[in-house]
Amino acid sequence: MICMMQSQRMFAALSVAGLVMFAAAPLLIAQAPYESTMGLIQKIFYFHVPGWIVMFLAVFIAGIASAIHLFRNRPAADRLALAAAELAVVFGLIGLVTGPLWAIKAWGVWWQWEPRLTMSLILELTMCAYLLLRRYGGPGSDKLAAGVAIFAMANVPFVYLSVNIWRTIHPATSVVPQLAGSAPGMFGPFVWCAVAFLVLFTAMMAARTRLEAQRAHVERLHLALEER
Amino acid sequence: MPNFFRVAWLVMRKDLTIEARSWEMVSTTLFFAVSCVLVFSFAFVRAGQPVEGAAAGILWIAVAFSGTLALGPTFDRERHHDALRGLLLAPVERSAIFFGKFLGVVLLMTAVEVVVAVLVALLFQAPLAAHAWWVAALLMLGNVGFAAVGTLFAAMLVRTRSRSVLLPILLYPITLPALIAGVMGTSALLQAEPNLDLARLWAAMLLCFDAVFTTLALWTFEPVMTE
Amino acid sequence: MNGVMRAATAVILVLVMAAAGVHGAQPQPPQEEFVPIDELPPGDQMPAAPLLIAAYAIVWAVVFGYLWSIWRRLSTVEREMQELARRADAGEQDS
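Chains as they are written, first to last, in our numbering: chain P, 1 to 228; chain H, 1 to 227; chain D, 1 to 95.
Source of the hints: derived by calculation from the structure; they are not laboratory data.
Heads up, a few of these hints could be off.
[To be verified] Distance ranges between label pairs, derived from CB positions:
1. S182/P x W9/H: 53 to 61 Å
2. T226/H x G108/P: 50 to 58 Å
3. G91/D x R77/H: 44 to 52 Å
4. G53/H x V195/P: 44 to 52 Å
5. P75/P x L89/H: 19 to 27 Å
6. G39/P x A47/H: 39 to 47 Å
[What the hints assert, rightly or not] Selected chain D positions facing chain P (Cβ under 7 Å, derived; list incomplete):
7. L51
8. L52
9. I53
10. A54
11. A55
12. V59
13. V62
14. I70
15. R73
16. L74
17. V77
18. E80
19. M81
20. G91
Idealized CB from N, CA, C, for every residue including glycine.
Construct all of the structure, not just a fragment, from the sequences and the given hints.
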């Protein structure tokens, strides 16, 4: 009981912190300098990139937790993987929506079949397939879905590096790591937004894993009652 | 404990023997592949002329669809008389069983690719023969990657309900990078001025994909089939 | 005519009159020819601000929507748990 109260308080604190940080974000973003070629629309960068960072992180967590569950048979790892996969879909959706909103102004089209965009869409579809498998696969689908998640994680490096291998219209990966040096005024707000997203992600993960844990508890209670 | 490759060979030989009795898989899959190409030839031909650049895409789509179709029955036949349990209970390395099945799928898909490539070259006047070795290399690499992922997922889903719907849902997003690489590489070869460097680049990417995903499939087959 | 039909007719009449009135109020001289320009004047280009605001709003909406969906599912599960606990207690008292 005490543990539950503590985790609920932690979840509430994290959520509030994350939401407050995100609410304050526009103030910082407004102060950041404009980008020379793209102007105002470039400021979507402060939501778009952190969204994808969190999505990749979620895919990695899902993949690693799935591997643990698959090879060591830990239900807790499986619950973590499911939560991470769901959040990967959610944050991927944020990335896939903010991207076109930026693209229509910067490139003149909503979408382009270039490597980074294509691969990101594929990653999102893979995580959706994971969720579909868990929902409709019947008993035993947790192990099967774990296999899918591991493959999805293996795909992430292809997504990240695609932009470096093929020179295309999407900004290269060198933009963010060099941000502190090349555009210090942008670096602060970017880190703020990234941290805000990470805090929100942690809170959402905590909530979602708790939901799964409660569901497992209910299952056990059902079984215990039936045995009587 | 029998040698890994011996076990794989035995599994593959079993499948080939079953197939040689009826030729069911080969004939149905080939027929489907040919129908696929015909459907596309109606969709992508304008005024009697094939649409520019469609040949590469159609080749790979026909291969992907036929492959997906063939994967289901490959493991379905193990469901009869608990054959799958018998296979898994055998005192051999499980990944060897996977490898044997995988080789069977690769062989079947190679047969499909040969027929489809010839058909596409004829119907779409695509100069595939000009760079036959490169095309063959791309097709083989794509074949191996697709078969590795496909065999694993088909095996995973063999006891799942809604498996016939779930297999394409799972298979396509994961194998899309390989399919894209195959199409781009083949297009580079079929251009008016073939770009061999680009084709080489895509072949290299396919090789990486194959290495990573075949390894992953070998590792995960054992725990996934344990239930 | 019952009340609904009357209301619907009234709405349709008003809309038709409004459309007629709007059309009548803007005399439209016929266009003689197209005049091409190379670049839209700055006033006509797609404005960036609404897109930026939309992006921000969508992030909020998605985050809140997801948190709300978790909260809803959690309440359902916890209600079920209390129900089961109650039945378990009742069962114990019987036996």
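Legend entry - Interface hint compliance - V59/D to chain P, C-beta minimum distance less than 7 Å: Constraint on V59/D satisfied, holds at 5 Å.
Legend entry - V62/D as chain P interface residue, shortest Cβ-Cβ below 7 Å: Result: holds, 6 Å to nearest chain P Cβ.
Inset, instruction - Just tell me: holds or violated, for the beta carbon distance of G91/D and R77/H against 44 to 52 Å? - result: At roughly 48 Å between Cβ atoms, R77/H and G91/D fall inside 44 to 52 Å, so the hint holds.
Inset, instruction - With chain P as the partner, please determine if G91/D meets the hint condition of a C-beta pair closer than 7 Å. - result: With a closest approach of 6 Å, the G91/D hint holds.
Legend entry - P75/P versus L89/H beta-carbon gap, inside 19 to 27 Å or not: Because 26 Å falls inside the window, the suggested range holds.
Inset, instruction - Report holds or violated for the interface hint on L52/D, using the least CB-CB distance to chain P and a cut-off of 7 Å. - result: holds (6 Å)
Legend entry - Interface restraint verdict for V77/D against chain P (beta-carbon cut-off 7 Å): Where the cut-off is 7 Å and the nearest Cβ of chain P is about 5 Å from V77/D, the hint holds.
Inset, instruction - Please test the hint of 53 to 61 Å on the beta carbon pair from S182/P and W9/H. - result: Holds, at about 58 Å.
Inset, instruction - Double-check A55/D for me: the hint is only fine if its C-beta lies closer than 7 Å to a C-beta in chain P. - result: holds (5 Å)
Inset, instruction - Using Cβ atoms only, decide whether M81/D comes closer than 7 Å to chain P, and label the hint accordingly. - result: M81/D check passes; min Cβ-Cβ to chain P is 5 Å, inside 7 Å.
Inset, instruction - Report holds or violated for the interface hint on I53/D, using the least CB-CB distance to chain P and a cut-off of 7 Å. - result: Not OK, violated: I53/D not within 7 Å of chain P, min 9 Å.
Legend entry - Outcome of range test on Cβ distance (G53/H, V195/P; 44 to 52 Å): holds (46 Å)
In this structure, the one hint that does not hold is number 9.
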